[in-house]
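**Student:** Just need the whole structure built from these sequences, with the hints factored in.
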Amino acid sequence: MLRTHTCGELRAANDGERVTLCGWVQNRRDHGGLLFLDLRDRYGVTQVVTEPEFPEAGAAADRVRLEWVVRGTGVVRTRPDANRNKDRSTGQIEVVLEEFEVLSASAPLPVAVTGEERSSEELGLRYRYLEMRRPEVRNALETRARMNQIIREHMIAQAFVEVETPILLRSTPEGARDYLVPSRVHPGSFYALPQSPQILKQILMVGGMDRYWQIARCFRDEDLRADRQPEFTQLDIEMSFVEQDDVLEVVESLVVRLVREIAGVEIPSSVRRMPYAEAVARYGTDKPDLRFGLPVVDVTEILQDCAFGVFSGAAKAGGRIRAIALGPEHPLSRKKLDALPAAVADRGARGVAWVRIKAEGWSGAAAKHLTDAEQSGLTEALGLQEGGIALFLAGPSEVVVPASGDLRVHLGKLFELRDPARYELLWVVDFPLFAWNEDEQRLDAAHHPFTAPLPEDVPLLDSAPKSVRALAYDLVLNGEEVAGGSIRIHQHDVQSRVFELLGIGADEAQQRFGFFLEALRYGAPPHGGCASGLDRLAASLLGLEQIRDVIAFPKTTSAADLMSGAPSTVDPAQLVELSLQLDVASPAETGNEPGDGIRSA
RNA sequence: GGGGAUGUAGCUCAAUUGGUUAGAGUACCGGACUGUCGAUCCGGAUGUUGCGGGUUCGAGUCCCGUCAUCCUCGCCA
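Numbering (this note's numbering) for the first sequence: 392 to 992.
Since the hints were made in silico from the structure, they are not lab data. There's no promise every hint is true.
Beta-carbon label-pair distances, calculated as ranges [what the hints assert, rightly or not]:
hint, residue 1, residue 2, range
1, Leu494, Ser949, 34 to 44 angstroms
2, Gln965, Val552, 51 to 61 angstroms
3, Glu400, Asp737, 50 to 60 angstroms
4, Ser949, Arg833, 27 to 37 angstroms
5, Arg608, Glu634, 27 to 37 angstroms
6, Arg608, Val975, 37 to 47 angstroms
7, Ala855, Leu805, 16 to 26 angstroms
8, Phe632, Pro501, 23 to 33 angstroms
9, Lys857, Ser949, 20 to 30 angstroms
10, Phe806, Ala855, 33 to 43 angstroms
We treat Cβ as the ideally placed atom computed from N, Cα and C, and that holds for glycine.
**Tutor:** Shown next, in the form of structure tokens:
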């Protein structure tokens, strides 16, 4: 090693030892006859100092600038009390330089490596290796590594076998857009990158692997968000001869442990379960944030004949009226009330009606239309208190239900009810098996087409498929989905029936999933599993809103890698080799290329 | 594909109603200084105001287009 110690480990106990440190120059304080350098590496920061007694080392150190990589040798000296730095673990000592060499100089920096001000995200991505020197990014990556270690221990201890599945595999339509890879030896044919190893892990069960796990990279060519990258990482699990609870227990015990060991918060080891229907009814979403209350109440029955046209009109048209009650501890000014509709406009909700509950009478546009019976009905249903407010959304169910969820979350933010130190886990279970696709007038798989129906709902497959519930489950952490899975169909005939309901004919199923359906015919064990998005989970545990910082080399919202310049054009010879011909003007002709503006800087 | 925000020195930002030479901090370069830890002090250099077009006597500022980044709707079985 070029060093005897790291920059984070010397203490007063090392006084008098001769040591060698390597690191980046984080700061430089030149006093003329005396020069202080702060040397930084992954482990910490240590102050080194020059003294006139060693002029050669002093002259060499004098040349260095920020972020140069240097190596210094000298004796550890305990600092006088007045000169100790209490904010730093190595602050009791310093190293008096006897020898000093520059290992690597640095050009002036294009991004801020130290200090509280962080450079723009664009520059941070372009110069990711410099951002990575910042503690917040380094800490996130170290946290990911610890999570992986905990996961590995947990899975191995429970007899799971880690199996790698291919990155190049067959495109199986449905779901997200595939990333495609052209085949050279099979002109006109393509591999797809996995959206998840779903079919493969089920086939592993048919192969008798019994308990599989993998930290798997997944790829989906869809538009991005703060919590979505084109490639992301899942903890993938599949188990044979299990019932739903068996899968949930494996996953929840792991996530509870991660919350404890990563976030340092102790939470109950048994995670509560809530049917999908209840989650949607009470919280307007299938992933409720249970760190705060403010439940949504359906008041359609109470207000359906109301003199207020907005309410009765919605009810008569078959819609719903949903309300959230605010106690006197959550006051809203007229200005804030007027800003509420903007919070639900995304969902197509037209407005938010409100009434103030006062001793002398209710006020608000809707108040004067409410009969005494309606007022007492609302008071009881919503638990209204004097000094409080009732908020109402009215309209078609498919608008008002999700809008009520958005409104609740908006209020949670507004009143700062989302305690960042709290971790509320919840299993949402009994999801519907199918979702109605309005555009194409057919059923879609709500989870995926291999999800098993609830046994007691199987008869409904023929009579009322839309009301069939599934053995599917999502793990929700503070209002974010961090894992999801299902018990799978292991019977060939049931699988065929589901495909039929999804409008996938026998021929088409054969063409798309033939190899999988064939596998189900050769003794498939009952099985089920789960997958957890580790990027989001890591971000949640670190209290981050976006996942880029828990990924070493993330991409932009247009799926570009600003550091390497991917995606890029390729040599025409490569296209010829792949039997590909482009039908678009090349970027060279349009003069545009991703990252252009910044790379030319 | 739609909506919104942002783009000024290497970096973080400022610049009044459209007004004449676009500033500050920091980094960088030079100098002073023996106890700093955001060192301090003195001096210096640094600009295609993202790009293209337009309006105007005059544009960082107004208009149109475009590119990039971020947020978001659609999308993500």
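**Student:** Each hint: holds or not?
**Tutor:** Cross-check of the supplied hints:
Distance hint for leucine 494 and serine 949: a CB-CB separation of about 38 angstroms, consistent with the stated range 34 to 44 angstroms. At roughly 38 angstroms, the beta carbons of glutamine 965 and valine 552 sit outside the given window of 51 to 61 angstroms. Between glutamate 400 and aspartate 737, the C-beta spacing of about 52 angstroms keeps the proposed range 50 to 60 angstroms intact. For the pair serine 949 and arginine 833, the beta carbons lie near 32 angstroms from each other, so the given range of 27 to 37 angstroms is met.
The beta-carbon spacing between arginine 608 and glutamate 634, approximately 30 angstroms, falls within the hinted interval of 27 to 37 angstroms. Hint check: arginine 608 to valine 975, Cβ distance near 28 angstroms, so the stated range 37 to 47 angstroms is violated. Taking 16 to 26 angstroms as the suggested C-beta distance range, the pair alanine 855 and leucine 805 does not conform, at roughly 40 angstroms. Between phenylalanine 632 and proline 501 the beta carbon distance is about 56 angstroms. The supplied range of 23 to 33 angstroms is therefore violated.
At roughly 37 angstroms, the beta carbons of lysine 857 and serine 949 sit outside the given window of 20 to 30 angstroms. Look at phenylalanine 806 against alanine 855: about 41 angstroms separates their beta carbons, and that is inside 33 to 43 angstroms.
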